[in-house]
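Spelled out from the first residue to the last, the chains are:
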Amino acid sequence: MRHLGIALMVALCVPAAGCVQTRQYADVQFTPPQGDYRLLVMRPDVTVNSVTTGGMNEPRADWTEQARTNIIAALAAQQLQRGGKVKILARRNELPGVSEEAVADLERLHSAVGNSIALHKYLGAYLPTKSRRGLDYTLGEEAVALGRKTGYDYALFMFAEDSIVSGGRVALQVLGVAGCFVGFCAPNIGGGGQFAYASLVDLKTGEVVWFNVVQAGSQIAGIKMGDIRTPQGSAQLVERLLGRMKPGYEVRRAMEKR
Amino acid sequence: MCWRCHELDRRSLLVGGGIATAALSTGVAQARIRPADMKPLIGPGFRPTDTDEIGLWQQMQRVEEEVAGSNLLIKDPALIRYLQDLIGTVGGPAAKDMRIYLAHIPDFNAVMFPSGFAVIFSGLLLRMRNEAQLAGVIAHESGHFLRRHMIRSWRDLKRKSDIFAIGSMALGVAGGATGVYTGDIAQLAQLGTILSLFRYSREMEAEADAMGARLLADNGYPAIEMANTWEQLIGEEDASARHRRKRRDRGGSLFATHPAPGARMADLKVSAAEVTVPGRAYDSRRARYLQAISPIRKMLLDDQVKLNDPGASQYLIETLARDGWNGLLRFYEAEVWRLRNRHGDDLRAAQGYAVAVAYPDAPPEAWRWHGLSLIKAGRQAEGRAALTRYLALQPNAADAPFIRQMVS
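Protein sequences, first through last, are from chains A and B. For the first sequence, the numbering used here begins at 33 and goes up steadily by one. For the second sequence, the numbering used here begins at 198 and goes up steadily by one.
Read the hints as simulated data drawn from the structure, not as lab findings. No incorrect hints appear here.
One side only, chain A facing chain B, incomplete, derived with CB under 10 Å:
(1) 77
(2) 94
(3) 140
(4) 203
Ranges of calculated distance between the beta carbons of each label pair, as one might list FRET restraints:
(5) B:476 to A:141: 56 to 62 Å
(6) B:503 to A:199: 54 to 60 Å
(7) A:126 to B:349: 34 to 40 Å
(8) B:304 to A:137: 21 to 27 Å
Predicted model only: the values in this text are computed from it and were never measured. All residues carry an ideal CB built from backbone N, CA and C; glycine is no exception.
Make a model of the complete structure from these sequences and hints.
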């Protein structure tokens, strides 16, 4: 999962002063789940780093724990609003009748499929035979088997990373901006920012029906576009990530015709 | 923090240029670290208390979960218990805290992770001639943990990147104010920073070697076996390169994360002499080692000969055979020739199989290839007899129906 995250992060890094970007893909037949659906959220992979003066990302255990708790709470609240029944896994062994290995296998399989999605949908290696086909990926039988055993309709995989710029780096940024007055300008040394993705799998067919990536940050160290350490920040990220699920291409076209 | 990591791509680091200038100011050679100076920096039951280390350990928890659940692991319980006992012996004060995993990767390596779990590659078990050699590698890896190398190198990296960032910003602002272009100096400083990071990494490897030698001798193993391991590795790489008409990469570059193997071997010899107490009995516990790896030794040899590196494979088999030939080694020696398939190798392999089956412990496959070679040479009756023997030893072999047809 982490590798997938890094690859996507590199792809979406646009040297803008500060922005929030999302880019979602859906199966052509996808209709966002509404009403009485059962959603299984696989262990959300959450990390919060502190960005050192030199620009290194240092993982912070306390912030990470805080953010994970907040993200899970925000997810539960959001799905409840939509009418779905949600179970959020914190460990691999929480599903009755499903072994830890089976969950681990599915996570790894999703990571591999997700890498393909990243490569062919986000990193520019577009496949000519797949144009206008929407999101055309599947986790296959394993996902269907999980759905059959547990009775869930969808599985959601999620990754979120937030990097908080340290005081030293902000000071360095101030110096860089101050330098502009003497002719040495470094107004955007960057470093912080958020990155997240979510992937929705239909457990009846095994297909990855919806995929979204959010990037929020600025190239000016110290200016934040959200902070998942706070409940509000987490709710904001979850909303950005899952709030506006667009239906698939064919569903949209059918809706337009009507 | 691995036993021998692969170097970074040099080209990627050369982008800034100025390599020659920087090389003049940074030497590659460094003094040997004395085992006597290597005191463990942590005690039993160590838990991180600093923020950065807690963060690192938290990340490692997830890594360990992935490693522990990986299907690349060899899970033979007796063998794993043996390895766990070994790290429990040579692990110093943290002996009881470390975990060990055995990965099915036919390569010579071992890695220690920051939170105290080690991954041993199966290729390592093939190459070790006795328990002392294996314990040496494990002691080296334990040395990384005991000397807190991961967090120390992370802090070193943090400190140097901070200094570089502040320095280059200050330099730029100062240059801007005075109207001097400082870009070249900044690039040189960047290279200097990178070089000093690699130097620090090599120093830690040298520390782990010294610490390892000490742990080994303390536990009654001959410490010289660590130097022997390097001698074998250098020999293997030479043989592999010679076969491909190339030269071995001698290491020792400015960008090496580990000291050059030759230098490590030389230092380890001196260190071994230092930690050896005259009059004390040291035992390499070879029999115990062979006993422990016996269930997987055939698989290890099989993995190796299929790597398509006949130079290295032949050297390895000959090195293992210095402690005595047996049917298994003879069979795989012949396999190296057969798979190499140079002019005359088929005859050489046929002779090899014939020699192998003379040993009581020859694997069933030796009889199979012996039989097929005989038939190829026109000795039908003898060939069939050998194949019949193969079927008797392995009646459920995947190719049994075909062989049965050949025999009937």
